[in-house]
Amino acid sequence: MQASTLITLTSDFGLNDPFAGVMKGVILGINPQANIIDLSHGIASHDIREAAYVIGMNYDFFPDRSLHVVIVDPGVGSRRRHILVATDRYFFLGPDNGVFSYVYEKEKHAITAIDITADHYFLRRDSSTFQGRDIFAPVAAWLSLGTDFRSFGDPITDYVIQAPRVPKSLKDGLKGEIIHIDKFGNAITNISRTDINNLTRTGKDYLLKVFFRQKVVPLKGCYAEGKGRSLYAVINSSEYLELFINLSSAAETCNISIGDRVDVRLAR
Amino acid sequence: MQASTLITLTSDFGLNDPFAGVMKGVILGINPQANIIDLSHGIASHDIREAAYVIGMNYDFFPDRSLHVVIVDPGVGSRRRHILVATDRYFFLGPDNGVFSYVYEKEKHAITAIDITADHYFLRRDSSTFQGRDIFAPVAAWLSLGTDFRSFGDPITDYVIQAPRVPKSLKDGLKGEIIHIDKFGNAITNISRTDINNLTRTGKDYLLKVFFRQKVVPLKGCYAEGKGRSLYAVINSSEYLELFINLSSAAETCNISIGDRVDVRLAR
Amino acid sequence: MQASTLITLTSDFGLNDPFAGVMKGVILGINPQANIIDLSHGIASHDIREAAYVIGMNYDFFPDRSLHVVIVDPGVGSRRRHILVATDRYFFLGPDNGVFSYVYEKEKHAITAIDITADHYFLRRDSSTFQGRDIFAPVAAWLSLGTDFRSFGDPITDYVIQAPRVPKSLKDGLKGEIIHIDKFGNAITNISRTDINNLTRTGKDYLLKVFFRQKVVPLKGCYAEGKGRSLYAVINSSEYLELFINLSSAAETCNISIGDRVDVRLAR
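Residue numbers (the working numbering), protein chains in the order written: chain A, 1 to 268; chain B, 1001 to 1268; chain C, 2001 to 2268.
Please keep in mind that the hints were generated in silico from the structure rather than gathered at the bench.
Every residue, glycine too, gets a C-beta built ideally from N, C-alpha and C.
A few of these clues could be false.
As the list claims (entries may be wrong) - What follows is a list of derived Cβ distance ranges for each label pair: (1) Lys168(A) x Asp1047(B): 49 to 59 Å; (2) Arg2165(C) x Arg1213(B): 38 to 48 Å; (3) Asp1126(B) x Ala118(A): 56 to 66 Å; (4) Arg2089(C) x Lys1168(B): 56 to 66 Å.
Next up, chain A with everything else stripped away, as it sits in the complex (with noise of 0.2 Å):
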């Protein structure tokens, strides 16, 4: 398989610096006919486990052969690695850190993983505080461009793994907590559809209840749904229980944290 033109870029960068446009800059004046798509930039500064979830419950509404570059980097010009991953569909490209742990697990890691050392794919401007400008960004032209993915180093495949803060199990449920909170002031729980299925299957005659602060959090089909500023559930886009108020800010109208706990229980 070899890389489209399609790349995107995921990062902890924010948009006031020229920090994304300048990788841009570095990756067209390799392969001018990349097509570069922000994914998100607003990932909080050094938070690997933020940057492996959105990238995570994403990547797979991008076109087949697509590159996605995660620059998370809290390690940055230390010798911590740089990884190429190829899974059947996609290329992904960043610090070998964990950010890549959702795809490991949604791939069951049927994955190949390199570790890129062939420096002269880098730019000769080479700074220990700007990888993503000096390492990832010509790497990901260079692949674009149809280079062949093994040329950038040697397979591994001890990889490092983030374990994804999966919820745990209870008597009679699961104990999840806050993992995001979106624009919108929407609190995503690590709780997925998968997760509520498993558990209802187990106890059909059962009701699923949401528990948030020792309350019932009714759970709804959408948003609109919703009345007043009363608090919600729902199962969201990417296919997780999330917390809402209709038309407000859940997370400002009651506090919410991440971190925060949320449970889901069968209950008669």
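Chain A is already provided as a structure; the job is to place chains B and C on it using the hints.
For chains B and C alone, kept in the frame of chain A given last:
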């Protein structure tokens, strides 16, 4: 008329979350030639009026046959319609909730509107919380590929209009209000150059004066004509009256908010 | 030399308003093949020095014949000139207010500058408040179509230079200052690697020390070498001295602001 490959996106998604990015992935999966331009993702959450204003002031600076996708959609997943609008020169796509109200007015309703129901164009992974990704993105892509816009559903004429906040007539002028504050703190009113021209035509010997909080605000030709930290008015690039302070934020300095009253009056 | 179709945009527009988006609409209306890249729209409002720094540090990471458009324009609509600059490898377009000062210095003034007066290239809907849309966007588009850059006006040599904040000489070193704080809270000084090399060349037996608020700040090779929450210095990817705390914001932790003094001194 067939749509071109140019698609613009306007939304209240912000840029921290991957919402806009993943829509681009879906579009490019269907039409790899699409050229997707962000007009603004900075609309206030759920603010249909602001979205209507932003697309209304800017759509006709784009090339003919562009498709403008506007997703400010408080009713996502409910029974509100998805609408596709064609004018002489442009296509528009979004929820049928009034986001195209300025377009209807500017185009004097010389439009064709379609209630989108042909769900074989939708993404199979159809969610009730992110129809930007699951419905609007694929419809935009198919339209930009040349699909006839009539094939997306049946024509309707009862599309939703959100009455724009137009100025009210006073004995000697117009009572307007602030409808938008931009990044520089400039405060834009709902009083247009046309409104002012109509006013002065009826009172040629009179002088036009702008009033804000009982005080006259001098009208200038450009920002740099404003002196010191005083408040001035200018007809802005969207042809609307705007309050400003040169090199400073009028909104912050004078504590101006959306909805604040601004009058123009004829005086001797 | 003819311009390529690659156009970069740098401005103080922010991304909430549709300013950058509508400029792209105007450009693509004239040259549908233009490839428009945002370098940064996060320049502080009206901050010519910051714009000069951002374009100065990044322009030469883009492919040859790129056109860099910089719109930080406190004098918009006044009689300040619109300038088009050509170097050996690049084009630059913006208000003649000093935004290209670093470019002039780096290119040792081996440039040609044009005072843009050929207003038949401008948009007909010419406003006095948004010349990014009405003048710079169409001129950029026509240039990217291959229009000879001499046809936009007459050459000038008295273009405006905004003296960059260069470090001052001390008896035993240099007195610099903080000129930019990035998204991660890293505080960038105006002391370059070249400045430091010149200093150490003249005092080979001496050791270079970085001083901030009377204390020595240890110089490291990359961020990850910094321990705990202590302040360190590094030569950054733009080859300037930068203060940082590993995995944390130096600016917040140490309350660092633009203009704060940083010295480098030679000591035994």
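Each hint, compared with the structure:
| no. | hint | in the structure |
| --- | --- | --- |
| 1 | Lys168(A) x Asp1047(B): 49 to 59 Å | violated (40 Å) |
| 2 | Arg2165(C) x Arg1213(B): 38 to 48 Å | holds (40 Å) |
| 3 | Asp1126(B) x Ala118(A): 56 to 66 Å | violated (43 Å) |
| 4 | Arg2089(C) x Lys1168(B): 56 to 66 Å | holds (57 Å) |
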